[in-house]
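For the protein sequence lines, the chains are W and Y, in the order given. Per numbering that gives the first Met the number 0: the first sequence = residues 0 to 564. Per numbering that gives the first Met the number 0: the second sequence = residues 0 to 397.
I should point out that these hints are in silico values taken from the structure, not numbers from a laboratory. Keep in mind that this is a model prediction, so the values were computed, not measured. Beta carbons are placed, not taken as given, at the ideal position from N, Cα and C, and that holds for glycine. Among the hints, a few may not be true.
[What the hints assert, rightly or not] Some chain Y residues well away from chain W (every beta-carbon gap over 10 Å; in silico):
id, residue
1, Asp64
2, Val154
3, Ile231
4, Ile261
5, Phe263
6, Phe324
7, Arg334
8, Leu377
[What the hints assert, rightly or not] Calculated pairs, DMTMM-like style, for lysine to aspartate or glutamate (alpha carbon to alpha carbon, straight line, at most 25 Å):
id, chain 1, residue 1, chain 2, residue 2
9, W, Lys414, Y, Glu257
10, Y, Lys387, W, Asp69
11, W, Lys414, W, Glu324
12, W, Lys364, W, Asp385
13, W, Lys369, Y, Asp207
14, W, Lys364, Y, Glu257
15, W, Lys475, W, Glu383
16, W, Lys184, W, Glu324
17, W, Lys105, W, Asp137
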Amino acid sequence: MRLELRGITKRFGTFTANDSIDLVVEPGQIHCLLGENGAGKSTLMNSLFGLYRPDEGQILVDGQEVHFRDPGDAMDAGIGMVHQHFMLVPVFTVAENVMLGHEHTKGAFLDIEAARAQVLELSHKYNLEVDPDALIEDLPVGVQQRVEIIKALVKDAQVLILDEPTAVLTPQETDELLEIIRGLKATGRSVVMISHKLREIKAVADIITVIRRGKVVGTALPTASETELAAAMVGRAVSLRVEKGAAQPRDVVLSVRGLTVRSATGQAVVDHVDLDVHGGEVVCVAGVQGNGQTELTQAIMGLEEFVTGSVTVKGQELVGRSTREVLDSGIGFVPEDRSHDGLVGPFSIAENMILDQYRQEPFAKGVRMKPSVIAANAEEKVAEFDVRTTGVQLSAGSLSGGNQQKVVLARELSKPVVSLFIACQPTRGVDVGAIEFIHRRVIAERDAGVAVLIVSTELDEVAALADRVVVMYRGKIVGIVPPDTPRGVLGLMMAGVPLEAALHSDAAHVGEDLAEAPLVVPAEAVEGVPVEPGEAAVVPGQPTAEQPLLGDRATTTPTTEEGGR
Amino acid sequence: MSTTELKTEVTAPVPEPRRRRAWVDQVLIYLLSFVLALVISAFLIAFADPDVRSALPYFFSQPMDTISAAWESVSEAYKALFSGSIINFSAYTVTDAIRPFTESLYTATSLILAGLAVALPFRAGLFNIGAQGQLILGAIVAGYIGFSWALPFPVHLLVAILGGMLAGSLWAGIAGLLKARTGAHEVIVTIMLNWIAIYLLQYLLTLDAFQRPGRDDPLSPPVAAEGRLPRILGEDFRLNLGFILALLAAWFIWWLLERSTIGFEFRAVGANPSAARTAGINVRRAVTGVMVVAGAMAGLAGMNQILGGSTEYALGNGIAGDIGFDAITVALLGRSTPLGVVLAGILMGALRAGGSTMQAATGTPIDIVLVVQSLIVLFIAAPPLVRKIFRLRAPKPE
Numbered sequence: 000m001r002l003e004l005r006g007i008t009k010r011f012g013t014f015t016a017n018d019s020i021d022l023v024v025e026p027g028q029i030h031c032l033l034g035e036n037g038a039g040k041s042t043l044m045n046s047l048f049g050l051y052r053p054d055e056g057q058i059l060v061d062g063q064e065v066h067f068r069d070p071g072d073a074m075d076a077g078i079g080m081v082h083q084h085f086m087l088v089p090v091f092t093v094a095e096n097v098m099l100g101h102e103h104t105k106g107a108f109l110d111i112e113a114a115r116a117q118v119l120e121l122s123h124k125y126n127l128e129v130d131p132d133a134l135i136e137d138l139p140v141g142v143q144q145r146v147e148i149i150k151a152l153v154k155d156a157q158v159l160i161l162d163e164p165t166a167v168l169t170p171q172e173t174d175e176l177l178e179i180i181r182g183l184k185a186t187g188r189s190v191v192m193i194s195h196k197l198r199e200i201k202a203v204a205d206i207i208t209v210i211r212r213g214k215v216v217g218t219a220l221p222t223a224s225e226t227e228l229a230a231a232m233v234g235r236a237v238s239l240r241v242e243k244g245a246a247q248p249r250d251v252v253l254s255v256r257g258l259t260v261r262s263a264t265g266q267a268v269v270d271h272v273d274l275d276v277h278g279g280e281v282v283c284v285a286g287v288q289g290n291g292q293t294e295l296t297q298a299i300m301g302l303e304e305f306v307t308g309s310v311t312v313k314g315q316e317l318v319g320r321s322t323r324e325v326l327d328s329g330i331g332f333v334p335e336d337r338s339h340d341g342l343v344g345p346f347s348i349a350e351n352m353i354l355d356q357y358r359q360e361p362f363a364k365g366v367r368m369k370p371s372v373i374a375a376n377a378e379e380k381v382a383e384f385d386v387r388t389t390g391v392q393l394s395a396g397s398l399s400g401g402n403q404q405k406v407v408l409a410r411e412l413s414k415p416v417v418s419l420f421i422a423c424q425p426t427r428g429v430d431v432g433a434i435e436f437i438h439r440r441v442i443a444e445r446d447a448g449v450a451v452l453i454v455s456t457e458l459d460e461v462a463a464l465a466d467r468v469v470v471m472y473r474g475k476i477v478g479i480v481p482p483d484t485p486r487g488v489l490g491l492m493m494a495g496v497p498l499e500a501a502l503h504s505d506a507a508h509v510g511e512d513l514a515e516a517p518l519v520v521p522a523e524a525v526e527g528v529p530v531e532p533g534e535a536a537v538v539p540g541q542p543t544a545e546q547p548l549l550g551d552r553a554t555t556t557p558t559t560e561e562g563g564r
Numbered sequence: 000m001s002t003t004e005l006k007t008e009v010t011a012p013v014p015e016p017r018r019r020r021a022w023v024d025q026v027l028i029y030l031l032s033f034v035l036a037l038v039i040s041a042f043l044i045a046f047a048d049p050d051v052r053s054a055l056p057y058f059f060s061q062p063m064d065t066i067s068a069a070w071e072s073v074s075e076a077y078k079a080l081f082s083g084s085i086i087n088f089s090a091y092t093v094t095d096a097i098r099p100f101t102e103s104l105y106t107a108t109s110l111i112l113a114g115l116a117v118a119l120p121f122r123a124g125l126f127n128i129g130a131q132g133q134l135i136l137g138a139i140v141a142g143y144i145g146f147s148w149a150l151p152f153p154v155h156l157l158v159a160i161l162g163g164m165l166a167g168s169l170w171a172g173i174a175g176l177l178k179a180r181t182g183a184h185e186v187i188v189t190i191m192l193n194w195i196a197i198y199l200l201q202y203l204l205t206l207d208a209f210q211r212p213g214r215d216d217p218l219s220p221p222v223a224a225e226g227r228l229p230r231i232l233g234e235d236f237r238l239n240l241g242f243i244l245a246l247l248a249a250w251f252i253w254w255l256l257e258r259s260t261i262g263f264e265f266r267a268v269g270a271n272p273s274a275a276r277t278a279g280i281n282v283r284r285a286v287t288g289v290m291v292v293a294g295a296m297a298g299l300a301g302m303n304q305i306l307g308g309s310t311e312y313a314l315g316n317g318i319a320g321d322i323g324f325d326a327i328t329v330a331l332l333g334r335s336t337p338l339g340v341v342l343a344g345i346l347m348g349a350l351r352a353g354g355s356t357m358q359a360a361t362g363t364p365i366d367i368v369l370v371v372q373s374l375i376v377l378f379i380a381a382p383p384l385v386r387k388i389f390r391l392r393a394p395k396p397e
């Protein structure tokens, strides 16, 4: 099926979200839409899927103009969409979810067998491994996403729209998804993928359309360098790797000894961890999501219940202290889930800017708060951190994800006395331009002598920020390695392979001096590494042999352009 | 790679089409809800009227009989409602003319105080169904101090007020503490505490210490004159210091919520407990604190019931009426803001004061007032319905 959008314009009031956009999706093509948050990618796809009615323009399917009144029309025409937030019933099984809305019946009864068979057939055909009888709520996000894809395929979607499909996935799941997308392509279906993650797009796309501020600013082939793509997306030259000098480590600030965190069921999620972070260095904790990194930071912050061992900051014991005491001892903390733990959505931006400082001068005197000081503080921070908003009294929940993250970072980075800064996934869901800015701020903290602890599942981020990398697996530290450790080795360590074995295994195939090796490894370096099929994928975003797309990255990074601010 | 342009202009703030502001829409919805409620109730009033019902069988031959009878009954009823709650134009003296409005405020006092006791926990994510029980406890303690102690004027009143507040606080504090420490749901706990309070009052009224000498029915002695809330517009009007206290209490709750660190904690815990915890706020303490303050408000309402004279300054089983439950309506109607609670309390006070007049003057049952109240709440709870009926556009989103 050939899909064509001609001159699609969608306005919200006087704001033009899409400005006469043309787009052609050929059969069997993987078409990536690249753009920053709020560039209009999702609006465009919602117009295509019948969720919005475009103000101008035409949608053509195989040369015939069509009008979609609602998603049902779009689905009937062979268009399927997987939203960023899944539309599944958590207490239903996979098969029940798949047949929801067009139930198979046998007389008056549901024919669950037919639905199961359908799920099995599709999952077999497209390598979408999923158990039709599993309850959705028991499944990891990556598998839930597969169910969404199956739902679209059941309706025989010829064009599948994926809205930021990797935003919620672990690196491993991401690789599996990219594989699935290639499988769909092989059957002649086309995929439209919305993303702002350059690595994935380059790995999978046949053609890339870049959208900025509601307009198509260009198309590119996946051979374009990440720097070029980033520049086109943001509208200015972007440095993908923050410039930084060598770390100047000072005294130990954070010292963790024998720290064990148990879950409510008594399982050790952090298992006898020892770790030192010096002032003036960035230590990154790398690992696949769910290997105890989050709990490690939560335990330091006094947010975990069953903690043994010792955590000291500048010699002061923190285990057993309340979160407030921990914060007051001079720690900035950016939690992993900003909307759940970092912000109070209905509160204004100004209030969120002081969420953990509301009792301190100058924001309050005694119990009396000072709204004007709080507002002025917010104005200042909004300008400094480039939070895109029309006013500091608007609710934080109304901001886009990237801007919300900037609010949290602005708050935590501008505390008066900070000796330790902890951030979990500081740039998750944040677009390239903002990542650059956040990274620079983190390095600035480091250079000011602050001890920085970053938890990240993005190896790019680890490489950009870390002075030392701590790899965690199942609650234990697998090893502490320098940041120039090859991706392949890090990937193996994240799967639990000890450093020595990982080095050996990786070196056997790479055959180059590891100390000098750039983070970007030629594609063949990872090919054939003898690990379990499932585990091979822990190397995030690693290109496969048929698409060695990262070759050019090694030549373009690290870039040294200064941002055009 | 073909990038056709590389502009770096900053996105202009997203302008919205011109629409009503959110608060204008809000006020409009309230007014229209009130109108709708009156219109629907008009039908009920008409059908409840015997003249209308007797004219109805021959409606198709002589429709004017039914219509004029209906018009008469409805207009008479609403006139009585108005003159009983706002101004009585047919009165001979100024005092009599403005008395209805002061009666409305007098009736509103306890509703406002109890409404605050529900509204504040709402803001902190808690549902206090227990205003009734907290109010009863406040009335018991304030009343007991009032009729059994002997102190000079301002001291006696002050001690009684404080006693009432404290009793309400303690009663609500039990629910708060249980919630904070054990996770016991505050709705269930406060409902149970209501029953305990009701039977506690019944029991106490059988004791000699609470029994009025020379009476067999469960009725306490009257509160001493030194312990009564003084009237503020002279002896002709029942409106007393309690109303001023209610306004001060509303102002205090506003200040607490919007201008104090304590209220910041309350609101943060209500809107996102996990973010509050991460920011170092002690969620348990906030939950207990909210209930203690809310209980104090309900305790004040109980104090106002007994020291304000609505039951002839005596403690009986009916001391609380339904105020603790109407308080939930007041809080909902007032959208859990102190100003909203004051306005909603006055509206409901006016409907009640006017309702009695209406029943006395036209024979329309006072229950119609409950219907009006309920309909207003129903419509306010469903803004899209009101918008649809009056074909309004939605306001611009924030």
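| field | Structure versus earlier hints, numbers of those that do not hold, lowest first | value | 4, 5, 12, 13, 15, 16, 17
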